[in-house]
Amino acid sequence: MPPIVFADHAPRNVAASRLSVRIEGIGAWTRGAPDWPSMRALLRGEQGLREDAPGKPAAGALPAAERRRAPEGVLLATEIAAQACAMAARDAAGLPCVFASTQGELAITDYMCETLSVAPRELSPTKFHNSVHNAPAGYWTIATGCTAGSSAVSGYHVTFGAGLLEAAVLAAAEDTPVLFAAYDVAATGPLLEIARISRAFGMALVLAPCDEAAIPRITLTLRNRPAAITAAPAAVAALAQDNPLTAHALALLAALAGNTNSRLTLPAASGLLLDMEICT
Amino acid sequence: MPQRIPPLAVTACSATSALGRGVAAHAQALRAGRGGLRVNDFSSATLACFIGRAEGVENAPLPQAFAHWECRNNRLAWLGLQQDGLLAAVERVIERHGADRVGLILGTSTASIGASEEAYRRLDDGHFPEDLARPAIHTPHSLAAFVAEATGIGGPALTISTACSSSAKVFASAERMMRLGLIDAALVGGVDTLCDSVLFGFNALELVSSQPCRPFDVRRNGISIGEAAAFAVLERIEAAPRALRLIGYGESSDAHHMSTPHPQARGARAALDQALARAGLEPDAVDYINLHGTATIKNDEMEALLLPEFPRASRASSTKGFTGHTLGAAGALEAVFALLAIEHGFIPPTLHCEQPFEGPHPWLALEPHEQRVNIALSNSFGFGGNNACLAFARAEA
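Protein chains in written order, with this note's numbering: chain A, 1 to 280; chain B, 1 to 397.
FYI, nobody ran anything at the bench for these hints, they're computed from the structure.
Don't take every hint at face value.
Unchecked claim - Covered stretches of chain B (in silico footprint by chain A; criterion: 3 or more residues with CB under 8 Å from a CB of chain A, positions within the stretch not fixed):
hint	region
1	154-164
2	251-265
3	333-346
Just so we're clear, the structure is a prediction, and the values are computed from it rather than from any experiment.
Each residue gets a CB set at the ideal place from its N, CA and C atoms; glycine is no exception.
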């Protein structure tokens, strides 16, 4: 066996402390604002939550049989992912994806813990495989024929910033557009007091690597010194009262809904912030 | 195919599982063909199977300062962090680069769901009992949040939870952050612990064997579930030119089925091919492949289809018969096994495989043997068709 020689490394970029990604597509869903146009109108104060809006995401990307059986988080995540890909005019089949959720499928966690406490041998095999944090990534890649890498991440109360950073890093390092989806669904049962999330909310972006001239664009910079976290607009703060993921996502969506360039700061880890310049 | 990546130095690693605490205990057991599976004495109701249970977790409470993180998964993480000089290695990289220049990326599938299960068993008038009413442990990020606090790492911190590929993918995420210059070092790893969710969940899918699992054996009939904590510290090679190296990785999706692998190994092959491309290697350079090898009928049948890409001199084995399938920790644990094979020059055997089926037989290591290993791969495949492959190498001569 000859010695192994590493001669032709890819060029190393150790200088980058800023990451820029172009926003190619946006998806959004919460009850009463089931897509980006209605969410944008809500954030601009042009309309309120629609009273007649459907109670669950349409999830048209899923085959009908899956759509009937799939848990709420899968419906939500695939709905916002499909919206973002459609706006970006990107075929999902080739897009690496990062699905971020604070808690994943809370109703299934409640079902699992409840069933295990009384009749563990009666646990549903389907509910078990739907309980994995990457269930939406699994259903999404199956439905869209996506064979690229897929990930499912969490960062508790900083899930949104940590997940967005992961997706932007993937786009920049691999020089590829990336689908990023952040979502949570409501808790049920005894978990509600602990996990607290009472409202389903999701947003998705298709991010593409870019230079600092492209628009619309987010430029991310890591910051390790304290700064004020950008709050969600007061008019929609009630949507986010029990979930930081929703608050952080709404802060970014509000910036993207505006017509002017703006800056915001969101947390990405304990003691680590993401400064974002939004150029629209 | 992806471009070649600059290799990273693995400047520390550790493993804790049913084989013991620390890499030395693991190297000894793997070289001797001495497994760690035992009759299930864990689940809250009886379930006739074998498990890979880490010894003494019950008697190893967290230090008082971390009592708010108490749960089996974080205990096992803490035990793991104390092996093999790992905490000292983390302190060293924090001192060298600054806490905010060190990243923390951990994989887990169970996280501390065992604590949530316990809360439901002991509900107090419909509420979590007081000692378990700690929201930060009832979430997938419990492990990484605890480890961030326990180590003082202040850079990006992320939980990857993609079932049984979780803690393989952490190496890829860390490499990307380092290549972009966002961090200078990373602690990566995975911790999963035994709990009713996985024991009765895999049982419901009829994927749990009543015997110690027999990867690649014609009579294999399912997995044995295990638990483990495994970690590695990654730095640029200038920091440790002689250290073993992460040289490649691949990540893919099957786009096939939630709980069954693609029958032609499409996703697994894509992950493998990407790992070799990032490493700049052809299959004939590979000395050892640590297979996912869960001992389910379908995984092993699928994974065996990859082996004809390799020359007959390449050796392959599944170590699940030693540790059980440690699920979200398996990627990191078996990455450590690949590193041990290189460092100590041995091929772990496929424990409990007595009658291998025909396809993989020429490549399968059935008995432990000593052999120089320069390049080793590790496969990890999870629910949702989520695949990862890692490539490690000895430092160049």
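Are 3 or more residues of the region 154-164 of chain B near chain A, judged by a Cβ distance of less than 8 Å?
-> It holds: at least three residues are needed, and the region 154-164 of chain B offers 10 whose Cβ sits within less than 8 Å of chain A.
Take the region 251-265 of chain B, compare each residue's beta carbon with every beta carbon of chain A, and decide whether three or more fall closer than 8 Å.
-> Held - the region 251-265 of chain B has 9 residues with a Cβ nearer than 8 Å to chain A, which meets the minimum of three.
Claimed coverage, the region 333-346 of chain B by chain A - three or more beta carbons nearer than 8 Å | violated (count 0)
In terms of the numbered hints stated before, the structure departs from hint 3 and from no other.
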